[in-house]
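Visitor: Heads up: the sequence lines are chains H and W, in that order.
To convert, note that position 146 of the first sequence is 164 in our numbering; the numbers rise steadily by one, no gaps.
To convert, note that position 276 of the second sequence is 280 in our numbering; the numbers rise steadily by one, no gaps.
Any given hint could be a false lead.
Unchecked claim - Simulated pairs of lysine-lysine, BS3-like, Cα-Cα distance not exceeding 30 Å:
1. K321/W <-> K419/H
2. K261/H <-> K277/H
3. K281/H <-> K211/W
4. K177/W <-> K419/H
Claimed, not checked - According to the in silico footprint, chain H covers these stretches of chain W (three or more CB under 8 Å from chain H):
5. 57-66
6. 93-107
Said to hold, decoys possible - Far from chain H, some chain W residues (derived; all Cβ distances over 12 Å):
7. F42
8. F69
9. S132
10. M140
11. A146
12. I148
13. T189
14. I199
15. E217
16. Y223
17. N224
18. I267
19. L282
20. T313
Keep in mind the hints are simulated off the structure, nothing from the lab.
Backbone N, C-alpha and C define an ideal beta-carbon position, used for all residues, glycine too.
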Amino acid sequence: MTPTPAVEFVGVHKAFGEFHAAEDLHFKIAEGCIHAIVGENGAGKSTSMKLLFGFYRPDKGHIKVRGAVAKFQSPADAMTCGIGMVHQHFMLAETHSALDNILLFEKNTSAFQKLNRKEHKERLQNLAAEYQFHIDWDSPIGQLSVGTQQRIELLKILSQNSKIIILDEPTAVLTPLEIVDLFRNLQKLKKEGRTIIIITHKLKEVMNNADSVTVLRGGRVVANSSIHQTSIEQLAEHMVGRKLKNLDSHPRLKVSDQKSILKISRLNVQNKFSALKNLSLELKSGEILGIAGVEGNGQDELIQSLLSPRSLKLKGQIEINSISSVRLSTARIRSLGFSAFPEDRLRYGVLTSRPAYENFILGYQRSREYSQFGFLRFKNIFKKTAAAMESFDIRPRQIEKSVGSMSGGNQQKLVVARELQTNPQIILAAKPTRGVDIGAVEFIHEQLLNSRNSGAAVLLVSSELEELMTLADRILVLFKGQLVAEFDRKNGYNEIAIGSAMGGHT
Amino acid sequence: MKKTLAGFFLGLIFALSLTLFAGENPLYIASILFKSAFGSRYDLGLTLFYTTPLVFCGLSVAVAFHAGLFNIGAEGQLTMATLAATALGVALPSLSFPFAPLLALMVALLVGALWGFIAGWLKAVRGSHEVVVTIMLNFIAAGIASWFVLHVMPNPNSQNPESALVGSGYMLKDYDPIARFFPDTPVSMALIVAIMTAIGVWVLLWKTTFGFELRTVGYNPDAANRAGISEKNIKIIALCLAGALAGFVSLSEVMGSSGQFKIGFSADYGFVGIAVALLARNHPIGVIFAAFLMGALHKGASDLDLETTTITRDFSKIIQSLIILGVTSHGLWSWSNRRRKDK
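Next comes chain H alone, as it looks inside the complex (with noise of 0.2 Å):
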């Protein structure tokens, strides 16, 4: 008789109006291991570790812990039950101090007990130290770092001696460095007897350290497997439902007579939180040259001293074509043939209230294909938008519809072909991937090298090691505003290197 599960799924249904966010999740993670759950956006993923933990209520179906049904009215129950979950956007109070966040969950005290603070914290200090977590226990948790932030989190689950931890994509937001730091932890834990369930969509990740996994595709399961009956071939098949290209593949031509189209010297940039020093660089047409960095490192001020220099206080010369741009405005900016994908689509990128023509004109708008005599020109518009909705294949095909229905890959999608619609010389490419599922990624990228070939200059700004290396024919690594490190593709790519360097570590 195999041993009753930790968790186990059996017929689980969840839907928010029409939208069926599970259906029928049938899955069971063992006792005592690292079990991945991994799928695209809007899989499921989410949805089914939120009825694990309480958050949500299954419609049909129930959920067994250690083989009783679980009842959770809310995540408090799961908790009592041994339940502790890691959150993709920390739960933290940011002003407070580390030591007063875990102690919000203390729950054996009351309104009007003094809170013995020198215990508790004499207490977590030992439970640090069994992991070796080093944390300044006493200043805000807004100035500490995310991989600390995340490791107060752990602690805030070890704290209640859960059994069962729920990760929500824990790497998303940390360094390769800290994502070593964590996945040893988590095999720390594991061997501790506790079960560990992590949601990503990152399949290396599952490959090198979960023991089991289970793909979700479009709210229903479609492949539970032991890790080693599986490979990442397999696993992305799943998630997509169709095999994907190899892009290392995909041509790469020389473009010949590249010339100089963008360069940067000497820019410095002092902004609240961060800043840009001395940093220069040049970027040739038929070229991707990518920027690596953990988020939060001066990519921020990097691009919006390229889209909207007059906004900063910035030192320094940023050329297009020759021309000085540091003083000119966006609009001016974009018309000497330069274009963005932007780093955070939702907040820069779209009208999510509004249908996909109006999106897709946004920006070109006094073009004088969708603009005569100050009136909108709606025959070509929609013309247009209808064209590059088929050719960039974004569903669903309707031009009215508005851009908040679609998914994150359609709207990128939809970001992208706007972009390139006038064949642009630069092409401002940050984190275009972020929020996308993976067959929109592929396309994304494609497009970018198609681009590339055609002779257009890409600067590439991301925080992911494997998009940089698939794309970039150089690589520059930012560190805390400077550029600390550079690679080339003819020497090939040393991920470890790239890694550290994005870590400080050069």
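Position chain W relative to chain H; hints supplied.
Guide: For chain W alone, kept in the frame of chain H given last:
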């Protein structure tokens, strides 16, 4: 649309049933309101007279709202514009029709736009919140207007707080078919101008490139900036436009009816304009109907003082507020529906 109407009637019924507490029959009150607003050609004329400035003010608020701005300053803008039109008419009384009213309207629009510009400029350049600034500007405008009317160009033939009359060439009366159709009422062809302006605003917002840019700033200013649309410029222009739209009120007030600046002539048009825009959900064509409704309520309630002993005209404010609550609560309905499904 269905929900808007449902919300409207819900608010109205609820408000009317409040009269039960005063010992009145809600149906009787409703009949007074209706009769007083639409009962005769004279009543309808007055209702339309109140409707006209409300259309302009509703449009003023709506345009600003589409650019993501809350214009509480229509009252101040219309005050300054009306003052300017009157001052012109008093200073140059000999100008003749149709040049005179056109020029007066131009000046009024310009001054209204200027009053909006102050708030827009402060918002764009200094980051001052437009709500605070426009409220302040309302008080400043009221102060300037009182001083100007009472000390610079008072009416020599009257004890009332009002300005001297503008030259007769400024008045629309003799050429005005609307005024002829509703004799003895102050309604004027400014009403036609109001309806045409509403249509014009609709075209501007939804058909022109500039309108697209203005709405983009309202939906998502960050995305607008990235697309090379200057959020600052659009916001300044939007508040200028809002000010000019409020400035149209001078057409119905001075050139259309009284020919002078009477202190307190505005029955809070600028503020009721906010309610009008809310009710119309900022749709320019909807503003026409919402303004008509508010105009009817205002006129209808004026007879409550005479016909009943317990209900005064201020009751119209209660009806107004409850209707607005009813109409805007449709968001609440869908929210509670969603919650129920979630459970």
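Visitor: Now, for every hint given, state plainly whether the structure supports it.
Guide: Status of the hints after comparison with the structure:
| no. | hint | result |
| --- | --- | --- |
| 1 | K321/W <-> K419/H | violated, 40 Å |
| 2 | K261/H <-> K277/H | violated, 37 Å |
| 3 | K281/H <-> K211/W | violated, 40 Å |
| 4 | K177/W <-> K419/H | violated, 50 Å |
| 5 | 57-66 | violated (count 0) |
| 6 | 93-107 | violated (count 0) |
| 7 | F42 | holds, 38 Å |
| 8 | F69 | holds, 14 Å |
| 9 | S132 | holds, 18 Å |
| 10 | M140 | holds, 28 Å |
| 11 | A146 | holds, 37 Å |
| 12 | I148 | holds, 35 Å |
| 13 | T189 | holds, 39 Å |
| 14 | I199 | holds, 21 Å |
| 15 | E217 | violated, 7 Å |
| 16 | Y223 | violated, 4 Å |
| 17 | N224 | violated, 5 Å |
| 18 | I267 | holds, 40 Å |
| 19 | L282 | holds, 18 Å |
| 20 | T313 | holds, 50 Å |
In this structure, the hints that do not hold are numbers 1, 2, 3, 4, 5, 6, 15, 16 and 17, in rising order.
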